[in-house]
Every structure is written in structure tokens, then in C-alpha cells.
Amino acid sequence: MLENSVLIVDDELIVRESIRDWLEDAGYQVATAESGEEALEMIEQQDFSVMVLDIRLPGQTGIMVLEEVKAQRPWIKSIIITAYPSEQTISEAKKLGAIDYLIKPIAPDDMEKLIRETLDSVGQEPTVTTEVAVQPQPPTVEEVAVKKSFVITKGNLKSIVENLIKETELVGVKSRHGKYVYNKITSFEELRLDYDVTIAPPTKYFLPAKETLLKFKLGNESNISPVAETTPRVIIGMHPYDIKAVELLDEVFIDTNPDPNYIARRHNTTIIGVDCLNPSPNSFAPSMGTHLTKSGFDLLLTDIGTGYIVTVGSEKGAKLLTQHAQVREPTGDEIAKQQKLRDKALTKYKLSLDIPKERLPKLLQDSYDDPYWESRSENCLSCGSCVMVCPTCFCFDVKDEVSLNLVDGERSRQWDGCMLTDFAKVATGENFRHDKTSRFRHRIFRKGKYILEKYGKVGCVGCGRCATACLAEIASPLEAFNAIADSTRIKEAAIRIVKEAKVETELYTPRPAELIKVDELTPKEKVFEFRFKDGKELGQRPGQFVEVSIMGTGEAPISVSSSPTRGKTFQLAVRNVGDVTNALHNLSEGATVGIRGPFGNGFPLEALKGNDILLIAGGIGLFPLRSLIQYILDRRSAFGKVTLLFGARSPAERLFPDEIDTWNRNPEIEFHETVDRGDESWQGHVGVITTLIPKVNMDPKKTMAVVVGPPIMYRFVINELKKRELPDDNIIMSLERRMKCGVGKCGHCQINNVYVCQEGPVFSLAQLRNLREAV
Amino acid sequence: MKPKVAFFDFTGCEGCQLDALNLDGEEVVDLLNAVDIVNFREVMTERSDNYDIAFIEGSISRESEIPRLQKIREQAKIVVALGACACIGGINCLKNHVPMEEALRIVYGENAKYYDTIPARPADAVVKVDYYVRGCPPVTAELVKVIKALLLGKSPDIPNYPVCVECKMAGNVCVFERGMTCLGPVTRAGCSAICVSSGQRCWGCRGLVDEPNIDSQKDILEKYGLTVEQVVEKFKLFNTYSEVGK
Chain A
1 MLENSVLIVD DELIVRESIR DWLEDAGYQV ATAESGEEAL EMIEQQDFSV
51 MVLDIRLPGQ TGIMVLEEVK AQRPWIKSII ITAYPSEQTI SEAKKLGAID
101 YLIKPIAPDD MEKLIRETLD SVGQEPTVTT EVAVQPQPPT VEEVAVKKSF
151 VITKGNLKSI VENLIKETEL VGVKSRHGKY VYNKITSFEE LRLDYDVTIA
201 PPTKYFLPAK ETLLKFKLGN ESNISPVAET TPRVIIGMHP YDIKAVELLD
251 EVFIDTNPDP NYIARRHNTT IIGVDCLNPS PNSFAPSMGT HLTKSGFDLL
301 LTDIGTGYIV TVGSEKGAKL LTQHAQVREP TGDEIAKQQK LRDKALTKYK
351 LSLDIPKERL PKLLQDSYDD PYWESRSENC LSCGSCVMVC PTCFCFDVKD
401 EVSLNLVDGE RSRQWDGCML TDFAKVATGE NFRHDKTSRF RHRIFRKGKY
451 ILEKYGKVGC VGCGRCATAC LAEIASPLEA FNAIADSTRI KEAAIRIVKE
501 AKVETELYTP RPAELIKVDE LTPKEKVFEF RFKDGKELGQ RPGQFVEVSI
551 MGTGEAPISV SSSPTRGKTF QLAVRNVGDV TNALHNLSEG ATVGIRGPFG
601 NGFPLEALKG NDILLIAGGI GLFPLRSLIQ YILDRRSAFG KVTLLFGARS
651 PAERLFPDEI DTWNRNPEIE FHETVDRGDE SWQGHVGVIT TLIPKVNMDP
701 KKTMAVVVGP PIMYRFVINE LKKRELPDDN IIMSLERRMK CGVGKCGHCQ
751 INNVYVCQEG PVFSLAQLRN LREAV
Chain B
1001 MKPKVAFFDF TGCEGCQLDA LNLDGEEVVD LLNAVDIVNF REVMTERSDN
1051 YDIAFIEGSI SRESEIPRLQ KIREQAKIVV ALGACACIGG INCLKNHVPM
1101 EEALRIVYGE NAKYYDTIPA RPADAVVKVD YYVRGCPPVT AELVKVIKAL
1151 LLGKSPDIPN YPVCVECKMA GNVCVFERGM TCLGPVTRAG CSAICVSSGQ
1201 RCWGCRGLVD EPNIDSQKDI LEKYGLTVEQ VVEKFKLFNT YSEVGK
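Protein sequences, first through last, are from chains A and B. Read in our numbering, the first sequence has 589 at position 589, and its numbers run on one by one without any break. One rule links them: number in our numbering = place in the second sequence (from 1) + 1000.
The reader is advised that the hints may include incorrect statements.
[As the list claims (entries may be wrong)] Have a look at the derived ranges for each label pair, beta carbon to beta carbon:
no., chain 1, residue 1, chain 2, residue 2, range
1, A, Thr-212, B, Ala-1112, 50 to 60 Å
2, B, Glu-1211, A, Phe-532, 41 to 51 Å
3, A, His-434, B, Asp-1215, 12 to 22 Å
4, A, Gly-687, B, Glu-1211, 36 to 46 Å
5, A, Lys-166, B, Asp-1210, 42 to 52 Å
6, A, Ser-403, B, Asp-1210, 28 to 38 Å
7, A, Gly-535, B, Ile-1194, 48 to 58 Å
8, B, Ile-1194, A, Arg-328, 45 to 55 Å
9, B, Asp-1024, A, Val-146, 45 to 55 Å
10, A, Glu-606, B, Asp-1024, 55 to 65 Å
11, B, Ile-1118, A, His-434, 30 to 40 Å
[To be verified] Here are the simulated lysine to any residue pairs, SDA-like style, with alpha carbons at most 20 Å apart:
no., chain 1, residue 1, chain 2, residue 2
12, A, Lys-399, B, Ala-1141
13, B, Lys-1154, A, Val-577
14, A, Lys-210, B, Glu-1233
15, B, Lys-1223, A, Cys-380
16, B, Lys-1095, B, Lys-1223
No lab work stands behind these hints: they were computed from the structure. All C-beta atoms, glycine included, are put in the ideal place defined by N, C-alpha and C.
My request is simple: use the sequences and hints to build the entire structure.
Listed below in C-alpha cells is the structure:
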């Protein structure tokens, strides 16, 4: 297909010619048709990137043309032109895939701009072409090279498969109860390459349902060894949409925070793909650009009846092919046959997206409050089937298990999913996505928006497995996308969020740290001081957190309570609320724990410096905030006026009372304190924390407020600060979420599209205004 | 000090206790190294009233069982319900659908007058239960998991998601796609979908998840050809005691 080819369909000569002239001047390849019939004939012969279509045509109307194009060539982007715009026609045209419309008379600039934007929005995915360069080749092979295609006979394939069964672990598709599954292949006869779709995706060979990350021995925290499976394996018969899914997983598990377990499997696996010629009735792969692939495989087979065309995708593939088969170059007829079969397969897809996939992020963004989410999720069983069969779902949970001898232990991860009830529940009991509607919406947003924005690849490959697996028949992202598109006006594409990345090789292995001091703050809260056994410093920023491991019990995110300016040790203040924190509370000085991190962004020191600072801590919000208080006291001259407000529920629940005394007496900071409920001994202020804010004199232009407390506190404090006209950018908060892995993969801490463990836990109110699930 | 463990049976088939013995040799040794078993009538004749952890098997279906269970609760630091009958009432509760006199007559005929019975109920309808080892029979590995968690002082990690999750992990063809019906979508997982993996369906023996979508499950069962009565029957087998089976 020509990258910038435009077909203009209009019955008025003057319109056709003027648009043609503008566009040719702008560098496009332009063809024209004066009727719907002629346009469809031309599309049969030649492919176009964009069609400009008059909606009122004699004979075949514009709508009929759109219908035909949508069925036959869904990737052609259509722009409607009309002198008689009506809501009804336009909405009908959009349902049929039209991207936008222009009202006649049309300004040349508008037309050119819209076409340029439309072409820009077309992804890099290859589309099918009907222009076949048929050039007979001599049937001899000089070299099996990457990117080239060859032909093998069916007998060749049999011997390749039989050799692989002998040499390695061969995995492929088998039939089971009339459905298809990936499994170990033990004979050529059981291998199916003509299947429609498998129940579970082959991604389980890269991210198994359960896998061991670490092995350890209880009582010897230095004896922790990472475990990664390295069995060599060949997967044969992966469809292009699954290959595209693996390419997305590569982005997640290789590109940022490289995951040693995933990488080990990926390197030891050879992928032999096969073109999907019999798509599943629930698949909409062409709409997601995943029905074909030019990358991601080592070899790719197309069954052309008389044999297979094999496309070589990598050196590994080339080597495998030369080792096991006699190949020859394909003839022109064979290449044409391959193309014809692919085109035919394309016509078998019954479902398609009503809008280009590039528009999904914006579409979803505009429909966060659409009643669709609630009405459609009503029947959701929260059974997790949709996420368990999804090739692009990768969230997981991490657990410790110890054998009955109470010595040998393993830390393993297993599949988890955002559709399950407790996915976003933290140890203190809050569930940040507790209702079916928000879980249902979150999944669809991940598929259509969040993943695309974060990784640049669409989060749904259109395989249709979820739609097949969902008993309530609500899981198909396509259905959600189309329903929402139907009720929403579509505008420009979303902006990609760019973020920093860091690399750790032993991603999940904690470093041993010795507990050198424990102080009890209250019966429920203690402060622990640690030093790494290798003598290194933690190197945290105030506001960052670490993952604390008690081997055998598990791992939990704990914010660092001390400033990096206070020497080689670091302190963690911890409330006893869950298994890990309980185990931590039972430790004595001299014990060893595992530490990973520091993680997260921490408080924005650069933005704080030079400004007046208002610090507001509610309850154990003082734990993370203390790191900043210490930092500010140690770098006092870098900041303007500093005010600290602290609220506890009762006098008995005041934290760090000795330090509070020193802050109270320190002339360099202004300090106010309150308790929700006083007692006989209490002489100070009584009332919730917001009652302290009116006591503070502040210049809203040069004051930065840093607020940390329980979720309930934020709303009220924000109200109070807004009354004082503090801008959203000047209100900084640290949020609590279930940060299970700390490295932006497991999914538990996500607020909408944001991984709190990576981009948080500290946010400005301005940032949170765009995160609907945040406060 | 090794914790002292006792097993007590109430109304049930004692299959749960038998199943608890399904450990391999090494595990038995490890278990006995870790705990003292002081009451276990399936395997030993000694008895003791001094124990820390009590496993309760069976449902409560006679008046006399109530004070007995209360006494165990007073003695034990931790009470664990073992198996479907103790955890959710189980199949014993099927009799609750008929008047008690009739139930006695059906079972004992003219000897009915010698027996007493009350509507069957799970252990936690009588006393506070700390932990649950679910299923009919329970998964031995889960019993071991609970014991290990108690020894390590952490809460046992029992899933609160439905069997579908484990069924999908196992790569099974959905029971509904095989032309049968299944309670997996609302039943608590932890069994590795053992019944479905062996070609059967899920009967709901582990009880329901915390927030089951019963309405939707009923809709689905009806969609797959069951009448309302048949749908209720499905839930009754193990889940009579919970709201859905009543």
C-alpha cells in the first residue's frame, strides 16, 4: 500500500478536482471516483490509506460504501464530506468507522490538516496489501537470511517437528474437548496449526501461573538465592496476535526494571508463529492491528496448501530452519497465494472496532463517568476469567511459603488480576477499588488507554479470549469500546506520559539489613533502625519507600522515616497491621531483614527549596513526613518559613513525643499540634487537624504544603488549603496503596494509569486532579 | 514448647480427619516435630483436655453438641473449622429443608423417639472460629498451610477469589462449554479446581467467596437451561446454611 494514498469519492467534478489538486500539491498520491460503485471497484484493485467520501452519492450512497469498506478493508480511514450535515447521518457514518467529517464548502487547509492528522494517527502496524509484486524466482537457495521467506513442504515440517520433539521441549496447540490448548507436543499428529484460538494464551510460557522467584532458609537472611527457570523450549503455532502480546510483555518486563525470570524464559524460548487463517468468531485482531505480524517471531509459517511459506524473523530462526529442513525460495505464485489466503482470512473477521484504535485513549478519557460502566458491570461475577485468559494481562501477587520443616522457604509469584475483589486492598483494610464498576472500568481503561500510554503498544490484541471465557458476556473490550464510542464525541489523541527508568538486575532479591535499634512509640507503633550488612547506604530521597522482607512471612512496602542526611543507617516507623508488620514488631535488635529499594519518587525537593513550607501530618502520616522534616532541619537555610502541623487521635497516640518537644522548642520552625479527643492530662489544642490551618499565616504564592495522612484526611485538608487560595501545584501529598512489587509490574498499586510505586507515592494536587481514583 | 493440637469430630463422616492423614512420610515426621497431637481418635487412643489448637470437624446438629463445642472453645487458643460441614454446614444442612420431626422419622423410622436433632449449622454459628480449612474433603495441603501459618504466626493465605481463577490457571475447558453447569464462579478457590480438572463440575463445597454475585450466577445457570428450582437445588447441596441455599 502507498503510505499516503488518498481516494476521493464525489459526484461533483469540481469538488473532486479541487481536492485532488490541493492534496497532490501537499505530496499525496490521489485517485478519484465519481460514484460509490466506481470507488468500490478501485478499492478492489488497489489499497488506500484514506478515503474522502461524499455522503450523498447517486446509486450506492456514501453509507453503503462505508459499510462495504468496513467489511472488506477496515483499515482504510474514511473522512466524510457533506453539504448537508445531519446528526443522524454523521453518527451513522461514525459507527461505520468514519473518522471525522467536513462541511462543504471545504477550506483546503482544513482538508489537508485532517488528512495529515489521520495519517499520523495510523500506527506502525503493517496492513495487508493487495498489490503483489509477482517476480518468478529460481528455486535455489543461496542463504537463509532474516526477513526473507522460503518454502518448505509439509513433509519438511513433519521432520522439523519430530526433530524438535527429540531435541528440546516442544510446545504447541492440541485439541481438548473440541477446544484448543497449548501443551507439550509429543507427536506430530497431535499438533494443530489450523486452530482458531486457544483457551489460555501461550504467554504462560513466559509468565507461568505460579513461579518461584527466590529460595531462602529461615533464620539465615543472607542465604537468599534468586531462581529462574532456564529450560530451552520451542513454541510452535503462535498466532500473530499472541506474538504481538509477547512484544508488549517485552516492553513491560525487559525495557524498564528488567525482570530476570521473564528474561531467562524469553531467551530460552524459540517462537515459531503461524498465520491465523481461521479466526475465532470473537476475535477482532484486524482492528487492533494484530492479525498479521512482521516481528516478534523466530520463524513464521503460512499454510499455502501445497506446503508452508516460512518467514525468517531472527538469526535463531534462520539457524533452526537450516538445521532441520531443505528450503527453497518461493515462486511468485506462492507469494501471491500467501497474500490471497491472508486477504481471505481478513474477510472472515465478523467484529471490528468502530473507531481507529489510536483514538481509544481520548475516547476513554472522555467517558470516565459514562453510565455504561455501572450498567454493564452489574452482572460481573468478579471471577477473574477475563484476566486469566488475557495474553496482555501480567499483574501478579507475591507470597512466601515455608515447608513443614520450618526451614526451607520460597518466595513465589502467581497470577493476580484487577477484576478480583481484593486486588487493591491494603493491610489496613482499605480497598481502593472495592466496587465492581471501578474494577470493570479499570480493566477496559488498561486495555484501551493506560497500557498504550505507558508502553506505546495497545493493551488489547483483539484475540477475543475474554469474550469467550466470560459467562456474564460482558468482558469484550471491543464491545465496551464501541458502546462508548457510540455515546461519545471523539477528539484528538492523548499525550504519552514520559517517565524515567532505572535498571536493577536482581530485581526481586532483597539485600540483608541488620536491625540495630528498636523503639516503641505506642503499643501499636515502633521505629526500627537498620544498617545494610554490606555497609552501603540506602541512598533514599525523603518520601521514598522500601520493600521490607521477613522471609517466610512476606514483603510489605514501608516508607522511610529518616532523612538521608542522618548517616548510614535508616529508620522505618511501622504500625502493626498485617503479617509482615506483625513479624517485624516481634523482631529484636540484631535480627536481619531483607530490604529492596528505595522506590518511588519521594518529595519534590527542588520544587520545595526556596519556598515557605507548610507540613501537615495526620497520625502515622508523620512516618513518611519525618524524613522530610529532618531533611529540612538539616538544610534549614535552603527553605523559607517552615510550619509543621501534627494531629493525633488522642494524647496516647502522639508519635515521636520527644522529637515533637524539640520541634516545639525549635525557633527555626513554627509548630502546632492537636488531638481529636483530649483527656485529663492534655493541655493543648483539641480538634481535627484542619482546625490548625487557620492559625497559620501564609503567602499562597510562595508556600508549598506537604500533606501526609490517612485517605479520609486529604479531602478536608485540601478544602481548607483551597480556602487559603493555595494553587494546586503547591499542594503535595503522599498516597498509600498496595505496592506489592515496587517495580511497576504487579499492578496492585495502580491509580488509573499511574503506578504509584514508580511515579508516586508523592503527587501534587494538580497531578491528582487528573487521577480520578486518587483521593 | 510445641503447640498441642487436638482434632474433634461432630456430625460428619470423619472423612476430613482421614484426609488429614494423607501426608507423605516425610511430612508426617516434620509435622510431629513441629506440633504435639494430643487428641485424634482416628489414629490414637490417648486423650487430653490440654490443647492449644483445636480442629473441629463436622456440623452441629444435636443439642448436646453445643455445650461440647463451647467447652472446646474455652480451652483452645485457636479454633479451626475443618471441612465443609464445620465451615459452612455442608450437606448435613439439607435436612433443614424439612421439619425436624419429619427428618427424624425419615431417618430412624419408629426409633425416632430415641433421638434428638436440631437444624444443622456450621461451627461458627455456635462459637467464634479463627480459621477455616474448607472443602469436602479439605485439601490436605491447605490443612498443612494453615498449620504452618499458625506456627509462623501469620494469617493463613486462603483465596477470596472464585474457582474460575484456578480453573483458568489449570487451562481447563469451561464446564459450561462442555454442556454442564458449575458453581465455580461464586465458590471460593483454594482447591486448584480439582473437580473440574478431573472432568467434573464445581459443587460449591468450599463455600462462597466474600462478595459472590449470586444474581448473576443464577442468571447464568438459567441461561444454560436450568429452571429456578434446579438453580436453587444446585446451591443447596453444600450451601444450604448460607442465604443463597435457603
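Results of checking the hints against the structure:
1. A/Thr-212 / B/Ala-1112: 50 to 60 Å: Given about 57 Å between the Cβ atoms, the range holds.
2. B/Glu-1211 / A/Phe-532: 41 to 51 Å: Holds: the Cβ-Cβ distance is about 43 Å, inside 41 to 51 Å.
3. A/His-434 / B/Asp-1215: 12 to 22 Å: Given about 18 Å between the Cβ atoms, the range holds.
4. A/Gly-687 / B/Glu-1211: 36 to 46 Å: Between A/Gly-687 and B/Glu-1211, where Cβ atoms are some 37 Å apart, the hint holds.
5. A/Lys-166 / B/Asp-1210: 42 to 52 Å: 50 Å, holds
6. A/Ser-403 / B/Asp-1210: 28 to 38 Å: 29 Å, holds
7. A/Gly-535 / B/Ile-1194: 48 to 58 Å: 50 Å, holds
8. B/Ile-1194 / A/Arg-328: 45 to 55 Å: 51 Å, holds
9. B/Asp-1024 / A/Val-146: 45 to 55 Å: Roughly 51 Å apart at Cβ, these two residues keep to the hinted range, so it holds.
10. A/Glu-606 / B/Asp-1024: 55 to 65 Å: 60 Å Cβ-Cβ, so the 55 to 65 Å window holds.
11. B/Ile-1118 / A/His-434: 30 to 40 Å: Check passed, 37 Å falls within 30 to 40 Å.
12. A/Lys-399 / B/Ala-1141: Given pair A/Lys-399, B/Ala-1141 holds - Cα atoms ~16 Å apart, limit 20 Å.
13. B/Lys-1154 / A/Val-577: The hint holds at about 12 Å.
14. A/Lys-210 / B/Glu-1233: The given pair, whose Cα atoms are some 35 Å apart, is violated under the 20 Å limit.
15. B/Lys-1223 / A/Cys-380: 15 Å, holds
16. B/Lys-1095 / B/Lys-1223: 29 Å, violated
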